Structures are given as C-alpha cells and as structure tokens.
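> Let the sequences and hints guide you as you build the complete structure.
Protein chains: 2
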Amino acid sequence: MSHTPLPSTLTRSVEDYLKAIYRLSLGGAPAGTTEIAHLLDLAPASVTGMVKRLSEQGLLEHVPYKGVELTAVGRRAALRMVRRHRILESYLVAFLDYTWDAVHEEAERLEHAVSDGLIERMATALGNPSVDPHGDPIPAPDGTMVELVYTPLSEIPVGQSVELRRVETGQADRLRYFAEHGLVPGAAVMVVARQPFGGPIAVRTSGGEQLLGAELAGLLLCAAGAP
Amino acid sequence: MSHTPLPSTLTRSVEDYLKAIYRLSLGGAPAGTTEIAHLLDLAPASVTGMVKRLSEQGLLEHVPYKGVELTAVGRRAALRMVRRHRILESYLVAFLDYTWDAVHEEAERLEHAVSDGLIERMATALGNPSVDPHGDPIPAPDGTMVELVYTPLSEIPVGQSVELRRVETGQADRLRYFAEHGLVPGAAVMVVARQPFGGPIAVRTSGGEQLLGAELAGLLLCAAGAP
DNA sequence: TGCCAAAATTAGGGGTGCCTAAATTTAATT
DNA sequence: AATTAAATTTAGGCACCCCTAATTTTGGCA
Ligand SMILES: [Mn+2]
Ligand SMILES: [Mn+2]
Ligand SMILES: [Mn+2]
Ligand SMILES: [Mn+2]
Chain A
1 MSHTPLPSTL
11 TRSVEDYLKA
21 IYRLSLGGAP
31 AGTTEIAHLL
41 DLAPASVTGM
51 VKRLSEQGLL
61 EHVPYKGVEL
71 TAVGRRAALR
81 MVRRHRILES
91 YLVAFLDYTW
101 DAVHEEAERL
111 EHAVSDGLIE
121 RMATALGNPS
131 VDPHGDPIPA
141 PDGTMVELVY
151 TPLSEIPVGQ
161 SVELRRVETG
171 QADRLRYFAE
181 HGLVPGAAVM
191 VVARQPFGGP
201 IAVRTSGGEQ
211 LLGAELAGLL
221 LCAAGAP
Chain B
1 MSHTPLPSTL
11 TRSVEDYLKA
21 IYRLSLGGAP
31 AGTTEIAHLL
41 DLAPASVTGM
51 VKRLSEQGLL
61 EHVPYKGVEL
71 TAVGRRAALR
81 MVRRHRILES
91 YLVAFLDYTW
101 DAVHEEAERL
111 EHAVSDGLIE
121 RMATALGNPS
131 VDPHGDPIPA
141 PDGTMVELVY
151 TPLSEIPVGQ
161 SVELRRVETG
171 QADRLRYFAE
181 HGLVPGAAVM
191 VVARQPFGGP
201 IAVRTSGGEQ
211 LLGAELAGLL
221 LCAAGAP
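As given, the protein sequences belong to chains A and B, one line each in that order. Residue numbers for the first sequence follow the numbering used here, so the first one is 1 and each next one is one higher. Residue numbers for the second sequence follow the numbering used here, so the first one is 1 and each next one is one higher.
Some clues are possibly wrong.
Per the computed footprint, the stretches of chain B lying under chain A, defined by three or more beta-carbons under 8 Å from a beta-carbon of chain A, are [said to hold, decoys possible]:
hint, region
1, 75 to 89
2, 92 to 101
3, 106 to 113
To be clear, the hints were calculated from the coordinates, so they are not data collected in a lab. Quick caveat: nothing in here was measured; it's all calculated off a predicted structure. Every residue gets a Cβ at the ideal spot worked out from N, C-alpha and C, and that includes glycine.
Rendered as structure tokens:
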C-alpha cells in the first residue's frame with residue numbers, strides 16, 4: 001500500500017484554497033464558491049478560476065454551479081497543511097512565548113515555508129502532541145486524524161462538571177478573554193445556572209464563578225468530566 | 001533622526017534580489033546583470049526586467065549597461081533580510097538540532113515568512129548573538145553590522161597560531177568536511193607547513209594534524225590568536 | 001408556471017515574474 | 001578603425017492569481 005503522491009510544489013494560494021475547502025467540507029456538503037471566497041477574502045470570480053485549475057490538476061472535484069470537494073490527493077495536501085499549522089502554533093506557544101491569540105497569524109504564513117523535516121523536528125521537540133493550544137487535533141504525518149466529538153458548554157445541563165477540551169474560535173479578542181478567565185483546554189468547569197432563551201450561563205472554574213454569554217459558551221467544547 | 005520607511009510588502013523574489021545585489025556590491029563595484037542572474041539562477045533578461053521595476057520603486061540605482069547599486073532604502077531592506085537569515089540559521093542550529101550544512105536552505109525560505117516579532121523572539125532566546133553558525137556577522141535590528149576583517153588560513157605564515165572565526169562557503173559538502181575535521185569558528189589552528197605554488201597546507205588543531213588544499217584553506221577566515 | 005434573487009460563471013484586464021530569441025551596446029583585440 | 005565576443009537590453013509570450021462588470025444558472029416562491 002503506497003501513498004498517493006502529492007503534486008511536488010503547491011503555491012501558497014493553492015495550499016490556502018485546499019485548507020479552506022477542507023474546512024468547509026467538514027459539514028458533509030460540497031463547498032460553495034461564495035463560501036470559499038468569503039473565507040479567503042477573495043472575489044467569487046477569482047475562486048471560480050482557481051477551482052477550475054485545481055480540478056484540472058486532480059486536487060478537486062468540481063460540479064459547476066453545485067460545489068467543490070477535495071479528491072483523495074487534495075485531502076492529503078490539505079491535512080498536511082493542517083498538521084503544519086497546528087504544530088507551528090504549538091511550537092510557538094511552547095518555546096517562543098507566543099500567546100494562543102497570536103499564533104494563528106504567524107502560522108498562517110509559516111505553514112507554507114517550513115520543510116517537512118523542520119515540522120517533524122518541532123513535533124519531536126514538543127513530544128508529538130495530539131492537539132494544539134486551542135485543543136484542535138493534529139493530524140499524524142500520514143494524514144490520519146482523530147477527531148473527537150465534544151459538547152458545547154452551552155448545551156451542558158446545570159449541575160454537571162465537565163472538562164474544557166477545545167476552543168472553537170480564531171478571533172484574538174475572544175481567545176484573550178477566555179484565557180483571562182481560565183477557560184483553556186484542560187480546565188474543569190461546572191455549570192451553575194442557565195438563563196432561558198439563549199441567555200447567559202453561570203459557570204464555576206478553579207478561579208471562581210462567572211457569567212458567560214450563550215455565544216461564547218457555544219465556542220467552548222467540553223467532555224464529560226468527573227460527575 | 002527617523003528611519004527611512006521600507007515599502008510595506010516586498011515579495012520573496014524582490015527580497016532575494018536585494019540580498020543578492022547587496023552581496024555582489026560588497027566588493028565596491030556595482031552588480032552586473034549576469035552576475036545577479038547567475039546567483040539567483042535566472043536568465044539575464046529576467047534580471048533586466050526586475051531591475052527596471054525595482055529602480056522605479058526606489059530600491060535600486062540602475063545605469064543601463066553599467067550595473068546596479070542599492071539605494072539607502074534598498075540596503076536597509078537587504079540588511080533586514082541578512083539579519084533574518086542569520087538569526088534563523090542560528091536558531092535552527094541551537095534549538096532544533098540542525099547542522100550548519102543544512103540550515104541555509106531552510107533559512108532561505110523562512111526568511112521571507114517570519115514576522116519581525118518572531119525574529120526578535122528567536123534572537124532573545126539565543127542571547128542576541130553577533131555571529132551565526134558560520135561566523136557571519138548578524139546585523140542589528142536597526143541595520144548596523146560590524147564586519148571584521150579576517151585573514152584566510154591560506155595566507156597565514158607557517159608557525160603562526162590563529163583562531164578560526166568564519167567559514168566562507170555555503171556548499172554543504174564542504175561544510176560537512178570542515179565540521180568533521182574540527183574546523184569550525186572558535187577552533188585554534190596552527191599552520192605547520194605549506195607547499196609552494198598553491199599547494200596544500202598542513203595545520204594542527206586540537207584534533208591533530210591534517211592536510212588542507214589551498215582552495216579550502218582560502219575559505220577559512222582567521223584572526224591572530226595566541227602567538 | 002413564471003419570476004426573482006442569489007449564486008456562479010464568463011469576459012476582459014492588470015501586475016508579477018519568469019522564459020526564449022533577437023537586437024543592441026560595450027569593451028577588448030587586431 | 002574595424003572586428004568580434006560578451007554583456008545587456010528589448011520584444012514577445014506564458015503561467016499564476018487577483019480584480020470588476022456582465023451574463024448565466026439555479027432554486028425558491030408567488
Ligand atoms: Mn496560510
Ligand atoms: Mn489552532
Ligand atoms: Mn530567500
Ligand atoms: Mn550563515
């Protein structure tokens with residue numbers, strides 16, 4: 001069983017397209033032109049053009065007017081970028097004093113410039129972590145990724161204790177707010193109260209009790225902890 | 001006294017052109033089109049085109065058929081790249097187990113992708129070194145660089161002891177050969193004998209005595225050590 | 001069923017950065 | 001002073017990747 005070979009050199013643009021389409025395809029449906037354009041901050045017409053070229057190269061499957069999906073080759077390339085991005089974020093936080101709200105921007109550029117060898121050296125220095133600072137899973141070098149299913153804090157019943165596992169936002173201001181309030185992966189959290197109709201949630205952490213809007217609570221993914 | 005502002009975003013190509021022209025101008029004479037093309041592995045016609053654009057942007061001074069020189073702005077941008085390159089090489093050797101023959105290639109790509117902030121974090125982690133693993137001086141963040149004058153080992157008189165300070169090659173096979181024979185910056189070297197007409201040189205290091213071809217000896221830059 | 005708005009594509013264009021082939025300039029040689 | 005070889009530039013072209021404006025397709029709704 002051999003690996004499908006990846007096109008030898010992909011450009012930064014192509015790598016970002018593949019990553020974006022990977023993310024948008026996670027829901028199951030093909031990615032739409034406008035969706036991709038919005039995620040990459042491009043005009044839809046530009047996306048149509050790139051999608052056409054990448055389809056010809058065998059990285060995408062494109063059904064005009066319907067949407068785009070990654071081929072096996074495209075998915076391998078996308079997962080390679082996801083690994084790079086998350087290893088880089090982890091390394092910057094662990095060894096270069098970056099905070100978790102600042103790493104994304106740096107990794108977004110470096111992911112296209114580092115060699116495979118450097119990524120593996122960083123991974124080794126980190127002890128081959130399985131998740132990044134945000135709790136996002138890190139694909140293995142072969143493209144395998146274990147994606148666990150978590151429950152948003154907003155859906156945890158009152159009275160239950162859980163462990164915070166993953167924070168689902170890239171917005172720096174929110175990440176800083178979470179960190180300041182001890183809401184980081186690994187934290188033990190108990191839901192103390194909840195207001196109805198999408199109202200705020202009261203939680204207790206090791207740092208004390210606090211209120212949390214429903215939107216923010218929806219970004220905090222949890223696993224059932226000690227009962 | 002304020003800093004001359006640099007064009008906000010230079011491309012990878014432009015940054016490599018500026019670095020190349022900086023290197024070629026060190027001898028004092030303007031850099032020639034063919035020289036630049038050879039260093040960057042491009043066709044001369046391509047260089048002419050780029051040189052024209054960079055001159056219009058105020059990064060170069062170009063006299064057609066005569067040669068190119070950096071403007072003050074261009075030199076600042078070039079020295080910024082030199083700093084990035086050498087800090088990266090230093091960091092990779094110090095913290096990620098790279099050998100000095102492998103760092104150049106990695107740094108050549110990363111120098112265009114890292115932020116100023118990351119470079120300064122790496123410099124801090126390294127203790128703000130003044131030279132890189134090859135003994136090449138590292139410009140300060142403001143573009144200042146102290147370039148010491150050394151003597152090639154090939155010109156050191158028989159019987160004199162010197163300290164090896166700088167190794168002037170980027171070729172991996174030569175760098176590996178030097179490292180295997182203890183010929184690295186900081187090494188104490190004594191010239192034991194020399195054959196005439198560009199013949200080999202016999203040197204003694206802490207590792208013993210060895211012969212060295214004149215070409216290689218010319219790459220090893222030395223400072224007068226203990227007599 | 002026909003219309004409409006959103007989504008997507010096509011058409012046309014620009015900047016970058018490279019190429020090859022042909023012309024031009026320069027400097028050295030006879 | 002004419003010749004010639006090397007260096008350089010010009011001319012023309014192509015791939016990439018983005019844009020705006022115009023057009024086409026689609027799916028939902030009256
Ligand atoms: Mn990116
Ligand atoms: Mn992350
Ligand atoms: Mn470079
Ligand atoms: Mn170096």
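> Are the hints correct? Go through all of them and say.
Hint-by-hint comparison with the structure:
1. Beta-carbon proximity to chain A at under 8 Å applies to 0 residues in the region 75 to 89 of chain B; the threshold of 3 is not reached and the given coverage is violated.
2. With 5 residues having a beta carbon nearer than 8 Å to a beta carbon of chain A, the region 92 to 101 of chain B meets the requirement of three or more and the stated coverage holds.
3. With a threshold of 8 Å between beta carbons, the proposed coverage of the region 106 to 113 of chain B by chain A holds, since 5 of its residues qualify and at least three are required.
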